[in-house]
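Colleague: Below, each chain spelled out in residue letters.
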Amino acid sequence: MTLWLTVAGMGAVTYAIRLSVLVFVSHDALPAAARDALRFVMPAVLLAIILPAVLYVGENQTFDLSIGNQRLAAACIAAAVAWAAKNVWLTVSTGMAALWLLQWAW
Amino acid sequence: MAAQSPQPQPLSRRAELLAGMRGQLPLLLGVAPFGMAYGAYAIESGLSGELTQAMSAIVFGGASQFVGVQLIASGVPGAMIVLATLLVNLRHLLYSASLAPQVDHLNRRWRWLLAYLLTDEAYAVSMSRLSRDNESPHRHWFVLGAGVALWATWQMTTSLGILLGAALPDSWSLDFALPLTFLALLMPVLTSRPAFGAAAAAGLVAVIGFDWPYGIALVVAIGAGLLAGVALDRALPGERRRELI
Chain A
2 MTLWLTVAGM GAVTYAIRLS VLVFVSHDAL PAAARDALRF VMPAVLLAII LPAVLYVGEN
62 QTFDLSIGNQ RLAAACIAAA VAWAAKNVWL TVSTGMAALW LLQWAW
Chain B
10 MAAQSPQPQP LSRRAELLAG MRGQLPLLLG VAPFGMAYGA YAIESGLSGE LTQAMSAIVF
70 GGASQFVGVQ LIASGVPGAM IVLATLLVNL RHLLYSASLA PQVDHLNRRW RWLLAYLLTD
130 EAYAVSMSRL SRDNESPHRH WFVLGAGVAL WATWQMTTSL GILLGAALPD SWSLDFALPL
190 TFLALLMPVL TSRPAFGAAA AAGLVAVIGF DWPYGIALVV AIGAGLLAGV ALDRALPGER
250 RRELI
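Chains as they are written, first to last, in the working numbering: chain A, 2 to 107; chain B, 10 to 254.
Honestly, the hints are just simulated from the structure, not real lab data. Beta carbons: idealized from backbone N, C-alpha and C, even for Gly. Warning: the hint list may mix true and false statements.
[To be verified] Partner residues aside, some chain B positions facing chain A, computed with beta carbon under 8 angstroms: (1) I81; (2) L127; (3) M165; (4) L169; (5) R202; (6) I225.
[Said to hold, decoys possible] Quick list of the computed label-pair ranges, beta carbon to beta carbon: (7) A:A106 / B:R23: 43 to 49 angstroms; (8) A:Q104 / B:A176: 24 to 30 angstroms; (9) A:A34 / B:A88: 40 to 46 angstroms; (10) B:A176 / A:K87: 20 to 26 angstroms; (11) A:P32 / B:A88: 29 to 35 angstroms; (12) B:A88 / A:A98: 43 to 49 angstroms; (13) A:N61 / B:L173: 22 to 28 angstroms; (14) B:A176 / A:A34: 45 to 51 angstroms; (15) A:W101 / B:G174: 22 to 28 angstroms; (16) B:P197 / A:F64: 26 to 32 angstroms.
All chains, please: the whole structure from these sequences, using the hints.
Modeller: Following this line, the structure appears as structure tokens:
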């Protein structure tokens, strides 16, 4: 029973956070500086998710900034494709193919 | 990707909904093994199948669910678990704030619904679309489509993980589809030096703080990114107003 209460609490805080500005606080009520800063949420969150996923690899998630890091190499290839082609599926398929190829070749 | 060029005719509700689902598809490739891993991990940790599935429906946030299961299994008091969830999901506050101006014309019911579906993945796909075109009258159906596609996948893969365990082999590396998709979404938003600086600062902090508990690193990283972006924006006046959002 207490476990169900815990999960309900987890859901309540999560939903409250997601509702915050969408429902409870008006976006217009935010200070201008804050609204200005929100323009950078996308670039910030995307690279903050990408980099650890590419640099901490293996079963023990160890930091590996070397040419032997297959995920890093595949991500660099995918980044070049993303930059040139601006196409999500092409980026994902090239990156996955590069990773599989590197894993197979090793 | 849908709607790559400006549409002369506004898309219908149905077309927007389907475009949102299609936009979410590459991310689902990475979410599927994540959902199964969550289901399997929760069962292994001693949670009941009902509670495991209910957490996916009630919390609907992958990283916070993993942390929640881990803390429940270690016997941590409920109030502490709720506090940890708050920390892990705090970044959604920024998504909520950043999405708000795009949906402020909608009624409350719509905003409650979209808030429930607001995740990293749905936010990234939706903002990527809205930053190119925020005029379409039915654009909130795109956000709904992206959210529903992710929600359904998360619930189904949770069930599969409960029933089958983490059946997708790690060697397939399907989880890699997540950072790859985010990479594809990142390039079009690197439109200015402040945006580039924001990404670089956030990425650096996220790497440095990888071992910090409860996903605090991601919150601090995004905060550092916003500060770097604003600081560069002020320092480089010529860059101002080059971006639309």
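Colleague: Next, verify each hint and record whether it holds.
Modeller: Going through the hints against the structure:
no.: 1; hint: I81; result: 6 angstroms, holds
no.: 2; hint: L127; result: 4 angstroms, holds
no.: 3; hint: M165; result: 19 angstroms, violated
no.: 4; hint: L169; result: 20 angstroms, violated
no.: 5; hint: R202; result: 11 angstroms, violated
no.: 6; hint: I225; result: 12 angstroms, violated
no.: 7; hint: A:A106 / B:R23: 43 to 49 angstroms; result: 45 angstroms, holds
no.: 8; hint: A:Q104 / B:A176: 24 to 30 angstroms; result: 20 angstroms, violated
no.: 9; hint: A:A34 / B:A88: 40 to 46 angstroms; result: 34 angstroms, violated
no.: 10; hint: B:A176 / A:K87: 20 to 26 angstroms; result: 35 angstroms, violated
no.: 11; hint: A:P32 / B:A88: 29 to 35 angstroms; result: 32 angstroms, holds
no.: 12; hint: B:A88 / A:A98: 43 to 49 angstroms; result: 47 angstroms, holds
no.: 13; hint: A:N61 / B:L173: 22 to 28 angstroms; result: 25 angstroms, holds
no.: 14; hint: B:A176 / A:A34: 45 to 51 angstroms; result: 49 angstroms, holds
no.: 15; hint: A:W101 / B:G174: 22 to 28 angstroms; result: 23 angstroms, holds
no.: 16; hint: B:P197 / A:F64: 26 to 32 angstroms; result: 29 angstroms, holds
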